[in-house]
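*Asks:* Okay, here's what each chain looks like letter by letter:
2 protein chains.
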Amino acid sequence: MLKKYLIAPGPTPVPEKVLLEMTKPVIHHRTSEFSATFEKVANGLKKVFSTEQDVLMLAGSGTAAMEAAVVNTLNPGDNVLVINAGKFGQRWRDICKTYGILVSTIDMDWGKAAKPEEIEQFLKANPDTKAVLLQGSETSTTVYHPVEEIAKVVRKNENTLLIVDGITSIGVHDTKFDEWGIDIAITGSQKAFMLPPGLSLICLSKKAWNFVEKSTIPRYYLDLRKELKSQKQATTAYTPALTLINGLAVVLEMFEEEGLENVYKRHAVNGEATRAAVKAMGFKLLAETPSNAATGFYLPEDIDGGKLVKFMREKVGITYAGGQDHLKGRIVRISHLGYHDAFDTITAISGLEMGLRKFGVDIKLGSGIAAAEEILQNYIGE
Amino acid sequence: MLKKYLIAPGPTPVPEKVLLEMTKPVIHHRTSEFSATFEKVANGLKKVFSTEQDVLMLAGSGTAAMEAAVVNTLNPGDNVLVINAGKFGQRWRDICKTYGILVSTIDMDWGKAAKPEEIEQFLKANPDTKAVLLQGSETSTTVYHPVEEIAKVVRKNENTLLIVDGITSIGVHDTKFDEWGIDIAITGSQKAFMLPPGLSLICLSKKAWNFVEKSTIPRYYLDLRKELKSQKQATTAYTPALTLINGLAVVLEMFEEEGLENVYKRHAVNGEATRAAVKAMGFKLLAETPSNAATGFYLPEDIDGGKLVKFMREKVGITYAGGQDHLKGRIVRISHLGYHDAFDTITAISGLEMGLRKFGVDIKLGSGIAAAEEILQNYIGE
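Taken in order, these protein sequences are the chains called S and D.
With the numbering used here applied, the first sequence closes on residue 394, and no number is skipped along the way.
With the numbering used here applied, the second sequence closes on residue 394, and no number is skipped along the way.
Treat the hints loosely; a few may be bogus.
Said to hold, decoys possible - Dumping the calculated BS3-like pairs for lysine-lysine here, alpha-carbon to alpha-carbon at most 30 Å: (1) D:K52 - S:K322; (2) S:K241 - S:K15; (3) D:K15 - S:K291.
Stated by the list, open to error - If we take Cβ atoms under 8 Å as the criterion, some of the chain D residues that face chain S in the derived model are: (4) K15; (5) G112; (6) L114; (7) I118; (8) G210; (9) K327; (10) I358; (11) S362; (12) E365; (13) L377; (14) L388; (15) G393.
Please keep in mind that the hints were generated in silico from the structure rather than gathered at the bench.
Where is the CB? At the ideal position from N, CA and C, for every residue including glycine.
Construct the complete structure from the given sequences, taking the supplied hints into account.
*Replies:* Have a look at this one:
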């Protein structure tokens, strides 16, 4: 095979138009030329986050923004609740613990979604909880947590922030930051935003900015007060990831052209088609309430998923993701993120049909495709 | 849909590696740096043509090389035989007529292949025939003519040249220029050679070079005597299409890496899979002896192929080719040329399954794919 197909949940393929933008000669960042781009991007980001607040850009990957959320708003000894439903829930817990924050968790089987009523009960029993931290979409399990419903519960508590890792949900699922009452949302460049890794985004509500004033955790590079001050002037506190921001300007133009509602719809349709295909091939989905970022499914017990994923990547040219931690070797995850269209879904399914056969699984060729096409045909040519 | 898929028989997609090579700063062509590349390319081309002769590079599209073949070897009043089996057979006839050459044709229904015995009979009846001109692969009908068998017949005649338009056969079907006894073969950059259009290639046998000495047709830009003299010195008579030649150097490295036999096999497998898919979907192939460059098939009579092709290109993002002349609107042609792998075939078939449904054709979704995968799975992961 000749080509490489990147169908893992991040990093995701970057459109040619964006790559070309990023190959232009580097300009200096303290210039009116860059400030003009910065301002345009800052305005565009507000639309994606559905917010009037500033969306700050940080040179760092998503984890930097996760850490910024914690170190700017909390204090050692604070009580927080982490929804621990996968690999990235664990990351919230680990970051908080690093700073002496007292973490309670709601631990869920991987594949299960957070329950708003359970969070409500927890907050009633623990009214001093300073923050509830969770993922919008838990990439490790391909679960979508009901962020809107959880926000309804959390925002009843004046002294509790809702902190959402939206790394694989913002730009995928319509996320109404202001309307839903999210307090902090973060995301990264290498998922729905169709960019290389290296840029992260963070947005704070007014309530969260009030917490910032009271936080005593030492922070320098990730000090959001300095960033807010600078970014209100269309610049950054430290050297920005400027080619990524130039690329982001093009991405936001592409979003505008496609229409944000169509960006969400595209993820939804490719997600739906992939889930239908996987089920038609006889597999069980991992996620109870699936995210449109990626679809995870269980492999037959006698198949070594690690070997399958390696074979597909090295010999066939398709990069899927396998499972993490206790799901290592047990599942495959197929991304629908970012620069991914109907025929990427078809390639993903066709590769699976043929690849699984190679591994001795009794797959009826074309069965997954037929189910995917049954969905996709309704959107073809629209 | 987001992406564009170029699945017409030329121009064909250019690999990123080649595009990047061609975006390097332009250098001057009268330099040792360029001569080194030129020499490397010239040697590599001999392998693809399976020849000890020089393969000349011309800045011009394939038609320039077709014209060069005629004006360098023939004379006004010469008798030639043209295999007129499609759009490009007609082009040989038109070029010859432009220069006062007397053209006889064997006219074939589109979709039929030339018959060596018929050519043999013609040459027996017309021993003064100076040349037999045909296509290796007739792109308009997706037919492969039996070049090897025809060469056997023509080379019995000392005073007759076999002139082959290999624009969609060289690099697709193994073509042994010396061994088979072809006298002139030409091709273009934008097909199996995975380059943008603008460069053509031409190779002459010793016998053909003898004809060159006797040809009186005036020619300047396309004078192959001047080109041979220059190109033996690793330069060209006039300014070369130098970025394309730099790109060609990378293409030849890619051929080397894949192995020429695998390049042919890849075209054969994708051709076979596409033909199987089209037949499984209930359609009739156009070509009696199909080329591995492209697959043409008849649409149901009530389908306007022009509208279908336009819809697929403009609304779905897949560029197929339709029919030409009297087959306009009646057929679709799917390319397998150049930078095209198994999942491009899958995309082509899946697009058809869904697109034809949109046009009211009763297609069983997944049926074409299943037939294609049945073939492709044998080569997956090799």
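*Asks:* Hint by hint, say whether it matches the structure.
*Replies:* Now the hints, each set against the structure:
1. D:K52 - S:K322: The given pair, whose Cα atoms are some 36 Å apart, is violated under the 30 Å limit.
2. S:K241 - S:K15: violated, 45 Å
3. D:K15 - S:K291: OK: K15 (chain D) and K291 (chain S) at ~27 Å, within 30 Å.
4. K15: Given a least distance of 5 Å, the restraint on K15 (chain D) holds.
5. G112: Check failed: Cβ of G112 (chain D) comes no nearer than 46 Å to chain S, outside 8 Å.
6. L114: At about 46 Å, which exceeds the 8 Å cut-off, the nearest Cβ of chain S leaves the hint on L114 (chain D) violated.
7. I118: This interface hint is violated because 38 Å lies over the 8 Å limit.
8. G210: Status violated, d = 21 Å.
9. K327: holds, 4 Å
10. I358: holds, 4 Å
11. S362: With Cβ-Cβ at 4 Å, under 8 Å, it holds.
12. E365: holds, 6 Å
13. L377: holds, 4 Å
14. L388: Cβ of L388 (chain D) sits 6 Å from chain S, so the hint holds.
15. G393: Hint holds; G393 (chain D) Cβ to chain S Cβ min 4 Å, cut 8 Å.
Hint check: violations occur at hints 1, 2, 5, 6, 7, 8; the rest are consistent with the structure.
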